[in-house]
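Chemist: Those protein sequence lines, which keep their order, are chains H and C.
At position 495 of the first sequence (counting the first as 1) the number is 495 in this note's numbering, and the numbers step up by one without a gap.
At position 45 of the second sequence (counting the first as 1) the number is 45 in this note's numbering, and the numbers step up by one without a gap.
Among the hints, erroneous ones may be present.
Listed next, the in silico DSS-like pairs over lysine-lysine satisfying Cα-Cα at most 25 Å (straight line) [claimed, not checked]:
| # | chain 1 | residue 1 | chain 2 | residue 2 |
| --- | --- | --- | --- | --- |
| 1 | H | K223 | H | K155 |
| 2 | H | K550 | H | K240 |
| 3 | H | K179 | H | K550 |
| 4 | H | K210 | H | K223 |
| 5 | C | K291 | H | K223 |
| 6 | H | K210 | C | K184 |
| 7 | H | K550 | C | K291 |
| 8 | H | K132 | H | K155 |
| 9 | H | K241 | H | K321 |
Hints are computed from structural coordinates only; laboratory data are not their basis.
Bear in mind that the values here come from a model prediction, so they are computed numbers and not experimental data.
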Amino acid sequence: MSEARFPGPFEIETPPGAEGWQELYGYSAVFSEDRREYEDSMFWFHDGVHWPTVLTPWDATFFEYAIATLSQYNTRHYLIPPALGIDARIVNGYGYLSPVGVTDPAEIEARVPHFLERAGHYFSNWDDLYDKWLVKMRALVGEMESIRFEALPEKEELEVITEGHGTGAGLTLMTSYHKVVDLGFKLWQYHFEFLNLGYAAYLDFFGFCKQAFPSIPDLAIAKMVAGVEVDLFRPDDELKKLARLAVELGLDDAFADADRPDVLEERLRGSDEGRRWLAAWGEAAEPWFNFSTGSGFYHSDRIWIEHRDIPFGFIRDYAAKLREGADLARPLEEIRAERDRIVSEYSELLASDEDRAAFAEKIGLARVVFPYVENHNFYVEHWAHSILWRKMRQLGRVLVKEGFCEAEDDVFYFKRNEIPDALWDMYQAWAVGVTPRGPAYWPKEIERRRGIVAALEQWSPPPALGTPPETITEPFTIMLWGITTESVAGWLSAGETGDTGELTGMAASPGVVEGPARVIFSPAQINEVQDGEVLVAPLTAPSWAPIFGKIGATVTDVGGMMSHAAIVCREYGLPAVTGTAFGTKRIKTGQRIRVDGNTGTVTVLD
Amino acid sequence: MTYAVWFDDYRPAFAGRVGGKCASLGEMTGAGLPVPPGFAITTDAHRAACAGMEPRLRALLAGCDPQDTAGLAAASAQARALVEECGVPADVRAQVLAAYAELGRRCGTPDVPVAVRSSATCEDSPEASFAGEHDTYLWVCGADDVLTAVSRCWSSLFTERAIAYRQRMGLAEDGAAMSVAVQKMVRPTAAGVAFTLNPHDGDRSQIAIDASWGFGEAVVAGEVTPDNYLVDKVLFEITRRTVSDKTTEYRLAANGRGVERCPVPDERRTVPCLDDEEITAVARLARRAEKHYGHPQDVEWAVDADLPAGERVLMLQSRPETVWSKRRPASISAGAASGYASIVSTLVSPLHGRRT
Numbered sequence: 001m002s003e004a005r006f007p008g009p010f011e012i013e014t015p016p017g018a019e020g021w022q023e024l025y026g027y028s029a030v031f032s033e034d035r036r037e038y039e040d041s042m043f044w045f046h047d048g049v050h051w052p053t054v055l056t057p058w059d060a061t062f063f064e065y066a067i068a069t070l071s072q073y074n075t076r077h078y079l080i081p082p083a084l085g086i087d088a089r090i091v092n093g094y095g096y097l098s099p100v101g102v103t104d105p106a107e108i109e110a111r112v113p114h115f116l117e118r119a120g121h122y123f124s125n126w127d128d129l130y131d132k133w134l135v136k137m138r139a140l141v142g143e144m145e146s147i148r149f150e151a152l153p154e155k156e157e158l159e160v161i162t163e164g165h166g167t168g169a170g171l172t173l174m175t176s177y178h179k180v181v182d183l184g185f186k187l188w189q190y191h192f193e194f195l196n197l198g199y200a201a202y203l204d205f206f207g208f209c210k211q212a213f214p215s216i217p218d219l220a221i222a223k224m225v226a227g228v229e230v231d232l233f234r235p236d237d238e239l240k241k242l243a244r245l246a247v248e249l250g251l252d253d254a255f256a257d258a259d260r261p262d263v264l265e266e267r268l269r270g271s272d273e274g275r276r277w278l279a280a281w282g283e284a285a286e287p288w289f290n291f292s293t294g295s296g297f298y299h300s301d302r303i304w305i306e307h308r309d310i311p312f313g314f315i316r317d318y319a320a321k322l323r324e325g326a327d328l329a330r331p332l333e334e335i336r337a338e339r340d341r342i343v344s345e346y347s348e349l350l351a352s353d354e355d356r357a358a359f360a361e362k363i364g365l366a367r368v369v370f371p372y373v374e375n376h377n378f379y380v381e382h383w384a385h386s387i388l389w390r391k392m393r394q395l396g397r398v399l400v401k402e403g404f405c406e407a408e409d410d411v412f413y414f415k416r417n418e419i420p421d422a423l424w425d426m427y428q429a430w431a432v433g434v435t436p437r438g439p440a441y442w443p444k445e446i447e448r449r450r451g452i453v454a455a456l457e458q459w460s461p462p463p464a465l466g467t468p469p470e471t472i473t474e475p476f477t478i479m480l481w482g483i484t485t486e487s488v489a490g491w492l493s494a495g496e497t498g499d500t501g502e503l504t505g506m507a508a509s510p511g512v513v514e515g516p517a518r519v520i521f522s523p524a525q526i527n528e529v530q531d532g533e534v535l536v537a538p539l540t541a542p543s544w545a546p547i548f549g550k551i552g553a554t555v556t557d558v559g560g561m562m563s564h565a566a567i568v569c570r571e572y573g574l575p576a577v578t579g580t581a582f583g584t585k586r587i588k589t590g591q592r593i594r595v596d597g598n599t600g601t602v603t604v605l606d
Numbered sequence: 001m002t003y004a005v006w007f008d009d010y011r012p013a014f015a016g017r018v019g020g021k022c023a024s025l026g027e028m029t030g031a032g033l034p035v036p037p038g039f040a041i042t043t044d045a046h047r048a049a050c051a052g053m054e055p056r057l058r059a060l061l062a063g064c065d066p067q068d069t070a071g072l073a074a075a076s077a078q079a080r081a082l083v084e085e086c087g088v089p090a091d092v093r094a095q096v097l098a099a100y101a102e103l104g105r106r107c108g109t110p111d112v113p114v115a116v117r118s119s120a121t122c123e124d125s126p127e128a129s130f131a132g133e134h135d136t137y138l139w140v141c142g143a144d145d146v147l148t149a150v151s152r153c154w155s156s157l158f159t160e161r162a163i164a165y166r167q168r169m170g171l172a173e174d175g176a177a178m179s180v181a182v183q184k185m186v187r188p189t190a191a192g193v194a195f196t197l198n199p200h201d202g203d204r205s206q207i208a209i210d211a212s213w214g215f216g217e218a219v220v221a222g223e224v225t226p227d228n229y230l231v232d233k234v235l236f237e238i239t240r241r242t243v244s245d246k247t248t249e250y251r252l253a254a255n256g257r258g259v260e261r262c263p264v265p266d267e268r269r270t271v272p273c274l275d276d277e278e279i280t281a282v283a284r285l286a287r288r289a290e291k292h293y294g295h296p297q298d299v300e301w302a303v304d305a306d307l308p309a310g311e312r313v314l315m316l317q318s319r320p321e322t323v324w325s326k327r328r329p330a331s332i333s334a335g336a337a338s339g340y341a342s343i344v345s346t347l348v349s350p351l352h353g354r355r356t
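If we strip away everything but chain H, and leave its shape as in the complex, we get (with noise of 0.2 Å):
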């Protein structure tokens, strides 16, 4: 098996219509014949777990600030001892990682000082620093908002003149993208200050109970770590209670309507209960409901404020179950006393006081730092970027207006850097008086980037390039990506043994369901779930959780233990098998499946 290797990242090609995709990404986020020997050197895995799709080229910002973010803490922060960064690449328009492990025992001897005092600083004053975070982070999203991008005026309104600003509307357009860019890359940097370390000692604790327990579950570890009361949770906590407001104000026979929420919202305005309803909803909405339904990293996931055809959806369901009597409410009590359970029993099985007190000290540093593992996603990837896609969507209707492109989304379509060019001839022209080259330029090069990303979709991406290490012992491929040596050895037998109608991954929820295969592709596509159905994805999202009281198990290609979607199902109770790999090529809709979450099998039955 040593000789088994994935294709090298110059062996991949292009395909038929994509000829020129690499213009559509930085220069330096493509491989290229100037740093092949090192490119060539490197293991590559596709990053299926955030970015399972092609990525348009604004897109391609969020992954790379993502990855050189959590690069820049490993690296330049934390002194991570056998850890410097993920460097990235995008191959035929999908990202793929590549961990820059520390190999000399010597620097890494030298970085354990650097680390205990740095990385011992967070976790001694994790609590002040986190309640820090969470000030900060709502500063950052009220900066966001306060983005606004207007056309430019014919003429400059009076006061511009009265008040003596002494600057014009083209530097406010300006400057107002530099913002989305800035404030993007900042949201970034606050989203890796706790997020390695915090998975770092779960790690440590989990290592622990390994340890002690060979044969121990890793969904017991992580129950025992699990927060109760999870912001995670919450947009689905929400939709709950509003459905329960809609039964008590007797509104629930509107909601047939969902599907056409602005009739539906003006059926509610004709009444005292409606009004009631609808300012509830408001309270929600913000910020619960900017709650995406992918993974939240591309413009197309769609996000519940902004389609509310979704969350009236899952409140005509909930409504339906209350009426049904369904008690929808999560048993707080219930779960913090079983987790208790949980961890009175293994503490009490260890061997000695000695262990049992390291025990203790363990779980207790894992449960103060996870609270911002479960948490972080809701603000990062759902909040602020929700926010942030608006933000561009108004610039996109800018760019409309001035006959820079037909379409607000086709703003996705200009690279990051591209865009200050566009809005510097706009601005220049608009100056003088004239016409821009934009109209001439862009809507023909947008179209043609559409059709480069429309074959790019055709291909699907090989899980790694490249040679495999013998083992993977970097931690941060480990924790964040749950990539192991065994998970990269499936990959490469089934690679080998092509249909043997047994999948493995990871047994991310427990139980065992069979039922009919329901494949789907896309967030866009949830609706076809029907009742009792196995899901199989790509990835699944926290926000999908309203259906989960519909379907039987789930099946994902990517995503391990620790995913936000193995959070979810773990707490709604969802059999889930994580990580296939296959699972979406393998299963066709229709298909008896198995899903054993217990083993992390899932067995084709057709």
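Since chain H is already given, all that's left is putting chain C on it; use the hints.
Modeler: Structure of chain C alone, referenced to chain H:
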């Protein structure tokens, strides 16, 4: 003199008179564990039966050399014949038959099939393991057969292995006494053993289950490669499952008397003999026994398909686990990095990387 003690009436005060196995059945019954009903015939009954026989037995065994296989076999046969010829004294007989009839009434089946099992005591060495050294009779029906089986259990104090064992351990012949368990027989679809730790690595968080078709004897005697499961004892999740090719099973004999060893029909050989619910029920039972005794246990269990769903798994026996329990468990925190330094070791050598 009371010769028959019901498992439900068992109290620790009886321990010395009923042998390890009966004491355990009584204690488990008292703890509310699902043990099939039955009673113990005390060692007093055995002593009454053998009264006056001791000098002859002592003489028979005195000159016996444990190395001399032929001599040992002859002595054993003579001693056993001697005990069995004496039969069951009248007062013992009356009490045993009354208890057996009462068991039949409790079970709603006259001549209820019972297991008749030896339950030895040894005053000198209460902890000495006699597992499998004495006789057990399965599916015994009717008063006469029960009495014969009881008498044979008494005589099984003189099996070759038992004699050799006592001699090797330097135990006195008159220190040994035999109690007998008479217990309602279940007719299991599947049966086996469960350890409340993983016997491969001593992992205390796991329950290891060996299970095969029919009566548990095939598993206990190692005559079949059983299905093997590992169940987490806190979450009751099945963490590993191995389904084996099960070639042999013990079934009720065609004539309805006793059990017989048969090949497993092809269509059942590689089929799991327990469903997930049953696996979990066995594990829960073993965990209850462990919690009751406060010590890792080695449990024999059976699934009785005639009982209502949710109550099918029965406990036949529970013994302290001896192999891992005798070792001092290794403390994993001793000598390991603590606090934040431990996080450094974790980062430098993450577990998944180490495991391969």
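Chemist: Kindly indicate which numbered hints from before are broken by the structure, ordering the numbers from low to high.
Modeler: 1, 3, 6, 7, 8
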